[in-house]
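Student: Given chain A, put chain B in place with the hints provided.
Take a look at the letters that make up each chain.
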Amino acid sequence: MENQKLEKLLRELAGRTAEPIAPDLAEDIKGQIPSRLAHRRAGMNAINIVIDLRVSKLAAAAVIVISLFLCLRFFGGRDLTGDNLYEESKLFINYCLGNKTADRGSELASVLYEYLVSQGIEPVYYGDRVDISDSNAVVMYWRLSDGGYMVRFGGDLRAEAVTAEELIELQGRMLQKRTR
Amino acid sequence: MEKKINFTEHKADSAHLRSEKQAPDDRKGEYLAQNHDSLASRLKAGERLAATELVDAYYEQIYLFMRRLGHDRHLSEDLTQECFLQAWHHIGQLRSGGALNSWLYRIASNVSKAHWRRGKGREMVGFDAAGLPGSDNEAEYNNNAGHLEQLGRLQVALGKLPRKWQETLVLHYMQGLTIAEAAQAAGIRKGTFKSRLARALEALRKQDI
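Here the protein sequences line up with chains A and B, keeping their order. For the first sequence, the positions run 1 to 180 when our numbering is used. For the second sequence, the positions run 181 to 389 when our numbering is used.
Derived from the structure by calculation, the hints contain no laboratory data. Small disclaimer: the values here were computed from a predicted structure and weren't measured. Glycine is no exception: its CB is placed at the ideal position from the N, C-alpha and C atoms. Among the clues, some could well be false.
[Claimed, not checked] Straight line, CA to CA, 27 Å or less: simulated DSSO-like cross-link-like pairs of lysine-lysine: (1) A:K8 / B:K386; (2) B:K374 / B:K293; (3) B:K374 / A:K8; (4) B:K293 / B:K386; (5) B:K340 / B:K370; (6) A:K5 / B:K386; (7) A:K5 / B:K344; (8) B:K340 / B:K386; (9) B:K293 / A:K30; (10) B:K344 / B:K386; (11) B:K293 / B:K340; (12) B:K370 / A:K8; (13) B:K370 / B:K344; (14) B:K293 / B:K344; (15) A:K5 / B:K370; (16) B:K340 / A:K8; (17) B:K340 / A:K5; (18) B:K293 / B:K224; (19) B:K374 / A:K5; (20) A:K8 / B:K344; (21) B:K386 / B:K370; (22) A:K30 / B:K224; (23) B:K293 / B:K370; (24) B:K374 / B:K340; (25) B:K344 / B:K374; (26) B:K374 / B:K386.
[Unchecked claim] Sample of chain A residues lacking proximity to chain B, with all beta carbon distances greater than 10 Å (derived): (27) A62; (28) P123; (29) R129; (30) W142; (31) L144; (32) S145; (33) G147; (34) R158; (35) L170; (36) K177.
[Unchecked claim] For each label pair, taking beta carbons as the anchor points, the in silico distance ranges come out as: (37) A:D146 / B:G272: 56 to 62 Å; (38) A:K5 / B:T372: 21 to 27 Å; (39) B:G371 / A:G15: 27 to 33 Å; (40) A:Q176 / B:G371: 56 to 62 Å.
In isolation and in its complexed conformation, chain A is listed as follows (with noise of 0.2 Å):
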């Protein structure tokens, strides 16, 4: 059958399954439409940006977490929970991340560095010039009440409080490693 015989008979189908309505429809929807139409979605405005962008969860995680430190900021960078919001954001990127090992680590490690900030503490921060799926690359230090440094390493973030002749050695270590 030719394409314009099928578009006439589509069109003359049309016709033939027009039926009447249900008297009462176009009353019980006029019923539902809500006394505010448009007022209230003022504050819903923003939220129905968000959506329409459709952010990844990559930026949706990078946004709750930072949202998450500058309230922690606000409030006098006291973490009220104890570790517990470093704890539910490393789950979280965790999450967000699934098996993307490599991304996971640099996020967990800023999310790290961001609450160690916001705790007061100031490390020294070489996640962003290490490679840091190596478990033996100093990620990231600090100095310890005691003279001592603590470490986090590459990989799993694992913390090692160190000597600082220890620390030298390690650094030492990747600036060897680097300039091979």
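Tutor: Frame of chain A, contents of chain B only:
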């Protein structure tokens, strides 16, 4: 022909409809064309009266769209109500007057899809459930039996198409939307809509109608 259509049954089924069958209301079309812009801006401003006008202007079209997508009468009424409920919630996304019908059809299409996706549409076979074409009187039926049967076969064939293609054909040929409007309603580009339309027609053409 895969399925012989029993017109006697369908004639009985649609008997109550024939006396009330309505001709398309041209004045409503004119009114809509002239008032799209102002209606859209009044809706965005939250004017309740504009919402009732929108219902009056579109509830029949949306109901028939649902029917033509293969939902039964009762469900089509429910989905039409759901469509307007969604419309009230998404009025903030309404952009311009010209897009009013596409915007509403887009919502209707999503409501229908959500229904199928929830698995509640399994009881439907597709367009076939919407009732087959009848004739207004016995004499016309007798004179045009062959043609009416052809329309019936077309309706069955349409119901067998994938939903995406079915929706494409319904939007353009049966709901009378222009290519641009229908593409917007389907949420795709004009070019994509055109090629989808061509594929759907091709699939229909291959069937024994």
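Student: Hint by hint, note whether the structure agrees.
Tutor: A quick look at each hint next to the structure:
no. : hint                        : verdict
1   : A:K8 / B:K386               : 17 Å, holds
2   : B:K374 / B:K293             : 21 Å, holds
3   : B:K374 / A:K8               : 17 Å, holds
4   : B:K293 / B:K386             : 26 Å, holds
5   : B:K340 / B:K370             : 24 Å, holds
6   : A:K5 / B:K386               : 13 Å, holds
7   : A:K5 / B:K344               : 22 Å, holds
8   : B:K340 / B:K386             : 12 Å, holds
9   : B:K293 / A:K30              : 24 Å, holds
10  : B:K344 / B:K386             : 17 Å, holds
11  : B:K293 / B:K340             : 16 Å, holds
12  : B:K370 / A:K8               : 22 Å, holds
13  : B:K370 / B:K344             : 15 Å, holds
14  : B:K293 / B:K344             : 10 Å, holds
15  : A:K5 / B:K370               : 23 Å, holds
16  : B:K340 / A:K8               : 19 Å, holds
17  : B:K340 / A:K5               : 19 Å, holds
18  : B:K293 / B:K224             : 26 Å, holds
19  : B:K374 / A:K5               : 18 Å, holds
20  : A:K8 / B:K344               : 21 Å, holds
21  : B:K386 / B:K370             : 24 Å, holds
22  : A:K30 / B:K224              : 17 Å, holds
23  : B:K293 / B:K370             : 21 Å, holds
24  : B:K374 / B:K340             : 20 Å, holds
25  : B:K344 / B:K374             : 13 Å, holds
26  : B:K374 / B:K386             : 18 Å, holds
27  : A62                         : 26 Å, holds
28  : P123                        : 44 Å, holds
29  : R129                        : 45 Å, holds
30  : W142                        : 47 Å, holds
31  : L144                        : 53 Å, holds
32  : S145                        : 54 Å, holds
33  : G147                        : 59 Å, holds
34  : R158                        : 45 Å, holds
35  : L170                        : 55 Å, holds
36  : K177                        : 51 Å, holds
37  : A:D146 / B:G272: 56 to 62 Å : 58 Å, holds
38  : A:K5 / B:T372: 21 to 27 Å   : 25 Å, holds
39  : B:G371 / A:G15: 27 to 33 Å  : 29 Å, holds
40  : A:Q176 / B:G371: 56 to 62 Å : 58 Å, holds
Every hint from the earlier list agrees with this structure, and none is contradicted.
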